[in-house]
Amino acid sequence: MHRLALATLVSSLSCFAAVSFNRDIKPIMADTCFRCHGPDRSSRMANLRLDLREEATKPNRRGAIPIVPGDPDKSLIIQRIFADKPGLLMPPVSAHKTLSAEQKQKIRQWIAEGANYEGHWAYQRVAEPEVPKVAGARTPIDAFVRSTLAAKGLTASPEADARTLLRRVYLDLTGLAPTPEDVDAFLKDRNYEKVVDRLLASDRYAERQAVPWLDAVRYADTCGFHSDNAFPAWPYRDYVLKSIKANKPFDQFTREQLAGDLLPNATDETRVASAFNRMARTSAEGGLQPAEYLAKYGADRVRTVAGIWMGATLGCAECHDHKFDPLLQKDFYAMKAFFADVKETGLVPDQGPQAWGEQLALPSPAQKARWDKLVAEIAAAEAALAEKRKSVSASDWEKSLRAAVKDWVVQVPVAVASKNGAVLKAYSTEPVLSVYETGGSVVSDTKPGNGLIVAEGPNPDNETYTVTLKPGAGTWHSLGFEVTSDDRLPGVRLARGSDRLVVTEIEVAVNGQKVAPAAARSSIPYWDQGLTPWNVIDGKPGTGWGVATYRTQRANFLAIDFAKPLVTATGTQVVVTIRHDSRYRRAVTGRFRLALAPTPNAQPASERSGLMTIPALPAKIEGTTVLDMTHPELAPLALRLSRLESERANLRAQIPHVVTTVAAAEPMVTRVLGRGNFMDESGEIVDPAVPEFLGKIPLPAGQKRATRLDLANWLVSRDNPLTARVFVNRVWRQFFGNGLTRTLEDFGSQGELPTHPELLDWLAADFMKDWDMKRLVRQIVLSDVYKQSSVATPEMMEKDPDNRLLARQSRHRVESEAVRDVVLQVSGLLAANKFGGPSVKPYQPEGYLAALNFPKRDYSESHGEDLYRRGVYTFWQRTFLHPEMTAFDGPSREECTLNRSTSNTPIQSLVLLNDPTFVEAARVFGERLAAAGGDIGKRIDAAFARAVARPATAKEKELLTGLYQSELARFRKSPSDAKALLSVGEAPHAVVAKDAADVAATVSVARAVLNLHEVITRN
Amino acid sequence: MDIGRRAFLSRTAAAGFGFTALQSLLRAGTSGVVSPLHFAPKAKRVIFLYQAGGPSHLETFDHKPKLREMHSKAMPESFTKGQQIAQLQGKPLICFGPQFGFKRFGRNEAEVCELFPHIGGIMDKVTVVKSMWTEQINHDTAHAIMNAGNILPGRPSMGSWVTYGLGAESSNLPGFVVLMSSGRGGQMQPIAARQWSAGFLPGKFQGVKLNSNGDPVLYIKNPKGVTTEAQKKTIDTVNALNQTQYEHLRDPEIQTRIAQYELAFAMQASVPDLVDMSKEPQSALDAYGAVPGDGSFASNCLLARRLAERGVRFIQLYHRDWDHHAGIPQNMPLKAEEVDRPTAALINDLEQRGMLDDTLVIWGGEFGRTPMSQGGNGRDHHIKGFSFLLAGGGVKRGLVYGATDELGYAAVENPVSVHDFHATMLHLLGIDHLRFTRKFQGLDARLTNVSGEVVKGLLA
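Read top to bottom, the protein sequences are chains S and B. When we follow this note's numbering, the leftmost residue of the first sequence carries the number 2, and every step to the right adds one. When we follow this note's numbering, the leftmost residue of the second sequence carries the number 9, and every step to the right adds one.
It is worth saying that the hints were derived from the structure and are not from the lab. Hints may be right or wrong, so weigh each one.
[To be verified] DSSO-like cross-link-like pairs, simulated, lysine-lysine; straight-line CA separation at most 30 Å:
hint, chain 1, residue 1, chain 2, residue 2
1, S, 974, B, 229
2, B, 240, S, 956
3, S, 195, S, 956
4, S, 195, S, 243
5, S, 995, B, 229
6, B, 241, S, 939
One chain only, chain S, in its complex shape (with noise of 0.2 Å):
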């Protein structure tokens, strides 16, 4: 059914007496022949070949000839394919294909005029055809697409309405509308050119343009496979934000992204770049089997490349050759050996000093200079420390250490307390449940609390817990905290909620006096992100300790020495205040409990303990860590030391990182694998080559192996017929809706045809003389068949009911991160002076990532103006989009994707209706529309204004002051909905409600207005 609808418009389309190959008798055969009778020889028939005019034409073993060029009635395709019998007629029964009378005929007429074949136009070099004369056409654009039309008997459209023509030129540049100011200047100037060139060179368009390219690079914040982590990219996306910006010129683009780190004059920014090699997704999931692994990266990389500038479905040929195209199991393989080199493991760690492999650190000047400086003092207290070490005896301090150490005393809180809500339970002898994870399940226990201190109740995203102590008389020397995982507890189950635990300050009073500390230590063997222990006593509350990585212990120890001895008389009382004031919301501690230390030099405990006590040293001391941190000649040099990596941590997390290529000095062999199968050892090995059929990659003398950058050069060659015509195609798409050729992602005999063949060859040539990306869109935007109206007449829509010929513009529902831009922009909460950065998270429904593990997955919303970023800047969730993206056809970016889908589903209005996202725009554009002052009628004038472009008409007022009336009326009868809807969302309020009932109900229109169809519509 779906062939027929395409087979009869190309009939449509061809109204030519003569039969041509391409046009009319390959689509048939690609669809119902080559299966058999194609090159794939695993699957070939007969030994009959019908993609080739040499195969066609000879003889069977029975001397009968498939084809004879002028002689219909003596081939015998043309018997078989008009037979009567079952058993003779072709394509078999079995195939559940058949063949109209007219396509039967097409085949028959196509030999009889000889049976030309022609060789696929896509893989025809790009020659640059003549511009037809078209009176009227001002651009070559426009001369193209009218000289079809004139064929076709239809005529352009006039330009689109001045508000039509400037709202779309801003969405498909920017993904943003107009505001009314810029509506104004338009009516008043009418100057089109100066809009486009002020748009293009705005951040905004890089906003806009980069989203398809990160689609098709598959750009995510997270790993993919398994347990899918976050990894470093998000430089990636600025690198591609910055380049588009710049207008980098495509051929330089293709260069640094394949092969940045082998340019001859590599930068920060090209090895920035080449972690485009590093987009696939990547697992860590115990078991895996890194052959097994290695080859899905690899094929990976092989059907995005040939995706993105090929237009060749080459991942097809992974298990066999290519049933339709000239592509062989071979050249798969031969593609995947360009990225052999690329330095990888097939389990990619996601956590630990080796998480996600190679990495590019990128600090700015003063922080490369301050890293510089702590690595050379590092490296000499290092050897300060190591020289003292040598006129010590381990073994000798080890024995007084044991003798004069005593253990940690576990307190009991007298009272605990909480500053923002959260209940804190402290345990005595009474029992507590224990769900804990070990030896890979997860088992329960209850035991007597001892101490254990427990938060429950309200989870705010920041807290503050005071716990007193009556400790009784002695003198002490640490506080000990020690943080108890739970298994129910999510993320890193420490903490009560986001991906992370992190204690901003410890401090420690006794009558209001602060108990000075001296040093900080903990258990935790690396400070990952940053937190290290001395955080929590540097007096600042943007750092902290805590634990960002799920790991398996069950018990974290933080260790705080008193610069001075605590003396305690019976009743002192000794008050400990535990912060917990990161941007990370509810990284609050859940489980903890309290200890003391009576002798100095008690160590962090490792192990956890129910016990009245914890063992001040461990059981075994190994390593010199211990020695180093208790004995008085190493004690200053070790804390030094410390405090110095502490430093380094922090600086280190401050500073971004990126996944990055590192070309391998021995790349990996590559074998041909017998369908796929990573287990076969036997294939052929092979060599870094392009499809054969597409030539070969002249090596100079004394290089024997092709490289990426040989492969980049390649693509990006004058010669080659395929990149700029698959870039200009998808441009294309862009600005009108579909492709010149609907099958973005293949141009091979399965694809469509283009609908202007000379226009797609023109545009792919005139692309070709500078790779001028900005230039290309300019051109495309600046055409009058671009400017066209979207309105169809009654005759276009018989004619030309999909609108391929474009008489006239199309009309589309704009991208994911557009939906949510706009809508953002309308009401005034988009953050959007800022470009690039990390990503940020908005609002997400609690409990989407629940079904995530490794770790348990929570949610931190971010703060501020990170929660009114534009769309391109969300974290990508592999496996869990955000909802909002997911439900407007957000592709997941766990595979190259060339032609986002445009769906219309009862799940988008759920989210435009409800989403907290949508609702909170409603709700401050509300508040500005009544705060702007004016009667209901002129606040949906500029509702209007600033949604849609245009004045509302007295129809629309009408229906929106009916639901303002409703809703005054249902407000004033209920304040407290009023209230509720005006608090919805983290943005502060844009007006003092002075009549809240009038607020709300402004709100209920701004809604409205926001959920209409045209808000959220290129025209």
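Use these hints to put chain B onto chain S, whose structure you have.
For chain B alone, coordinates are given in the frame of chain S:
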């Protein structure tokens, strides 16, 4: 034109169909794209009780006394040589006998692990397939092949295929619904949303996840301060405004939008009723072992029956934590307790309501577990042989189909691949898997990829 078809139209028009062709397609009055069906259907809907993580076939349906005899002896290399191995890579391979006894149930005296007496009690109503096998040895990709017949992202899951092929019977609920529960005793492996993705099919065939916490469907609740009447009034106003635009522009997409707002409101009205179990009699809750609102597998089984009654086409329940790399003896009883009673209750309930005949119920996971021990008391991932349970919807009753070898390693008698399973499921629904295709990247893509045969021996 009904709502569903309008949505279909808008999406497909963009995806490469001729508009007029589509209109004629719609006039033909089909609800799904397979119309008429290729065969008379036996099943109208599917409930897939997906045991995620990979349940051990050796402690459920596949009794291997020989493995018990071989316990703690080396696994003969003849079984394992050249085969894929997951976490046991490079480790000694030691036989690990079944950790629980088996009992015989039903007319055919089928053997079922003693931990599952309720499932044992319905053996005359179900078929056990003991000869399943798959290709993928890690959870993520094994889920992908089980759901979409393909490990590449962007391929539709079977629920999407089925809904696309058959259309939906419910006008105010999605055609494909996903439920998820977890329990005790095992690692909770992640499950990606990709597993219920519509892939290259239109977005409306995407599985919609029903949540037991928070909003049952994302964004199904009115915003704070918006009553149902106010929501209705807002939607009516939006639709009236959109209608004025339609009269001006005659863009069919606007009509689709209007219909989607109506449908959204209908969903908002019907979902609370769907998940409200208060009207279920205590006897039903007891039969399933369900406590309303607990989000358990038992509650989800009961919810699945309610969804089936309301015409939802494909209902998939994931129950997690079957990944028993360790602690088979401790953990299997926990899992059995969670699933045994509700599984049997669902099948009995459907039967009593006369719905079992046209509902295909499937019970199974993405793979099985090794006959070899991991860490002395666990089992690793295993792809060469595992068990499925099928009931209703045109499947034979009281049958044990296929077998693994004497140690439970590989399916040797009547092996059933995942593609065979998909082909058989589609067959029962009235669809020929070879003819049920959609163009994607130049190929006639299908759920069964490039293989798969209907398993005739399973058909009643």
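Please write out, lowest number first, the hints stated earlier that are contradicted by the structure. When the structure is compared with the hints, only number 3 turns out to be violated.
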